[in-house]
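So the sequences go chain by chain: U and E.
For the first sequence, position 34 matches number 34 in the working numbering, and the numbering has no gaps at all.
Here the working numbering = 1-based position in the second sequence + 92.
Hints were generated in silico from the structure; no laboratory data involved.
Glycine included, every Cβ here is placed at the ideal spot set by N, Cα and C.
Certain hints may be false.
[To be verified] Derived, one-sided and incomplete: chain E residues facing chain U with beta-carbon distance under 10 Å:
1. Ala115
2. Gly117
3. Gln119
4. Glu124
5. Gly127
6. Gly129
7. Phe131
8. Pro276
9. Pro297
10. Met305
11. Ser317
12. Leu326
13. Ala333
14. Pro337
[Claimed, not checked] Derived Cβ-Cβ restraints for the label pairs, each shown as a range:
15. E:Leu221 <-> U:Val30: 21 to 27 Å
16. E:Arg250 <-> U:Ala13: 26 to 32 Å
17. U:Thr33 <-> E:Gln109: 15 to 21 Å
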Amino acid sequence: MTSMLSERWKPSAQAAASRVGDETVLLHLVSGTYFGLDAVGTRIWQALGAGQLPADAAADIAKDFDQPLARVEEDALAFLADLAEHDLIERE
Amino acid sequence: MRPISTGRRRPIWSDGQGLFISALGEQLFEVEFSGIGTFRIDCARKLIHCSDAVDFGGSDTFHHLVFDQLVPRIRAHEGAFVLHAAAVLRSEAAFLLVGVSGQGKSTLAAALDRSGAELLGDDAAVLALAEGAVTARSIYRSLRLLPDSLQAVVGPERPSQPMAHYSAKRRLVEDARPARGAVPLAAIFVLAPAGEAGEGVSFEPLQAPEACMNLLRETFALDPSDTARAATRLQQASAVAERVPAFRLHYPRDYARLAEVAAAVLDKVDMLR
Numbered sequence: 001m002t003s004m005l006s007e008r009w010k011p012s013a014q015a016a017a018s019r020v021g022d023e024t025v026l027l028h029l030v031s032g033t034y035f036g037l038d039a040v041g042t043r044i045w046q047a048l049g050a051g052q053l054p055a056d057a058a059a060d061i062a063k064d065f066d067q068p069l070a071r072v073e074e075d076a077l078a079f080l081a082d083l084a085e086h087d088l089i090e091r092e
Numbered sequence: 093m094r095p096i097s098t099g100r101r102r103p104i105w106s107d108g109q110g111l112f113i114s115a116l117g118e119q120l121f122e123v124e125f126s127g128i129g130t131f132r133i134d135c136a137r138k139l140i141h142c143s144d145a146v147d148f149g150g151s152d153t154f155h156h157l158v159f160d161q162l163v164p165r166i167r168a169h170e171g172a173f174v175l176h177a178a179a180v181l182r183s184e185a186a187f188l189l190v191g192v193s194g195q196g197k198s199t200l201a202a203a204l205d206r207s208g209a210e211l212l213g214d215d216a217a218v219l220a221l222a223e224g225a226v227t228a229r230s231i232y233r234s235l236r237l238l239p240d241s242l243q244a245v246v247g248p249e250r251p252s253q254p255m256a257h258y259s260a261k262r263r264l265v266e267d268a269r270p271a272r273g274a275v276p277l278a279a280i281f282v283l284a285p286a287g288e289a290g291e292g293v294s295f296e297p298l299q300a301p302e303a304c305m306n307l308l309r310e311t312f313a314l315d316p317s318d319t320a321r322a323a324t325r326l327q328q329a330s331a332v333a334e335r336v337p338a339f340r341l342h343y344p345r346d347y348a349r350l351a352e353v354a355a356a357v358l359d360k361v362d363m364l365r
């Protein structure tokens with residue numbers, strides 16, 4: 001699972017995203033299921049869209065929010081697994 | 093009646109409760125209400141044909157299926173943002189009551205109508221964004237209530253007729269008030285489930301993302317499998333949620349306190365103006 005952080009991911013073709021304030025609402029276009037991303041989730045989502053490695057995004061977030069890297073990586077990993085499980089991201 | 097055309101039938105969606113939608117072509121759909129009737133909708137030619145081989149149980153059911161079920165979906169397919177919501181007018185601006193079926197939208201809307209506001213419709217609201225502002229209008233001035241709500245809120249003096257032969261709800265005969273066009277949308281109230289109701293009336297502010305997701309849940313679509321239109325609905329819901337204040341409304345489901353609830357809602361709306 002940790003490899004997810006060092007792999008490139010991109011938004012799935014089935015995912016639509018909309019920025020709402022500082023947050024993001026994701027909609028799976030086929031299932032109609034929707035998800036809310038908080039500000040940190042939004043950062044990771046944008047990083048994936050920009051082609052950034054999740055590990056690099058996690059490092060940036062840890063620095064910006066002054067949080068331990070290990071904890072941010074753990075949260076980011078769970079977040080990525082959730083996105084992948086719901087077919088919202090796919091490997092590049 | 094002659095069908096519009098025949099074509100390859102591709103099932104695309106079911107609500108799990110007897111409503112089945114199939115595509116017969118790019119702009120041609122079949123909507124089946126299981127055991128009741130089937131319609132074919134030609135969006136390109138703006139035609140609705142109903143099957144002649146079914147018993148609609150009378151004109152009430154036909155009216156309900158066309159105006160409450162089909163027209164909102166067709167309007168949505170044409171690009172409108174259509175919400176399953178009651179709309180009420182107060183001081184030349186509308187507010188919406190949003191919630192899943194059975195949460196009390198129509199009953200509260202009827203109570204508001206008797207408390208100094210004006211019911212625009214209890215089921216489907218069409219929202220539009222123009223020059224940065226959101227407007228709302230109802231498909232028609234509908235009001236459908238179960239007999240106990242009808243008795244408690246409206247009284248027996250208003251004429252009503254069955255909504256549909258398979259439902260206990262009754263549809264109030266339209267009143268003489270002129271139809272309203274689009275008016276500015278001032279607020280959205282998402283009805284908290286009855287099980288979460290407290291003793292009093294409270295308004296919990298919803299952040300825009302949460303409001304957006306509540307709106308998405310209540311949108312109409314003729315072809316839910318159409319991903320381009322689904323993406324458009326997401327953008328429409330986001331735009332509305334960012335511009336219109338939204339609240340989760342908690343209130344007791346008690347007919348004896350409906351006037352109090354309606355007064356609290358109207359006070360809230362007045363404060364927002």
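* To do: So, E:Gly129 near chain U? Judge it on the closest CB pair being under 10 Å.
  => violated, 25 Å
* Asked: U:Thr33 and E:Gln109, beta-carbon distance inside 15 to 21 Å?
  -> With a Cβ separation near 19 Å, U:Thr33 and E:Gln109 satisfy 15 to 21 Å, so the hint holds.
* Asked: Between E:Leu221 and U:Val30, is the Cβ distance one that fits in 21 to 27 Å?
  -> holds, 26 Å
* Asked: Is the hint on E:Ala115 kept, meaning its closest Cβ partner in chain U is under 10 Å away?
  -> Nearest chain U Cβ about 15 Å off; hint violated.
* Would you check whether E:Met305 satisfies its interface hint, that is, whether its CB is within less than 10 Å of any CB in chain U? => Since chain U brings a Cβ to about 5 Å from E:Met305, closer than 10 Å, the hint holds.
* Taking the closest Cβ pair, is E:Gly127 under 10 Å from chain U? -> E:Gly127 check fails; min Cβ-Cβ to chain U is 25 Å, beyond 10 Å.
* To do: May I ask you to test the interface hint for E:Phe131 with respect to chain U, counting a Cβ-Cβ separation under 10 Å as satisfied?
  => The hint is violated - E:Phe131 has no Cβ within 10 Å of chain U, the shortest such distance being about 22 Å.
* Hinted contact E:Pro297 with chain U - closest CB pair below 10 Å -> violated, 13 Å
* Asked: Minimum Cβ distance from E:Gly117 to chain U below 10 Å?
  -> violated, 21 Å
* Asked: Would you say the C-beta atoms of E:Arg250 and U:Ala13 sit inside 26 to 32 Å of each other?
  -> violated, 52 Å
* Cut-off 10 Å, beta-carbon criterion: hint that E:Pro337 touches chain U -> Hint violated; E:Pro337 Cβ to chain U Cβ min 13 Å, cut 10 Å.
* To do: Would you settle whether the hint for E:Gln119 is holds or violated, based on the nearest Cβ-Cβ distance to chain U being less than 10 Å?
  => violated, 20 Å
Hints 1, 2, 3, 4, 5, 6, 7, 8, 9, 14 and 16 from the earlier list are contradicted by this structure; the remaining hints agree with it.
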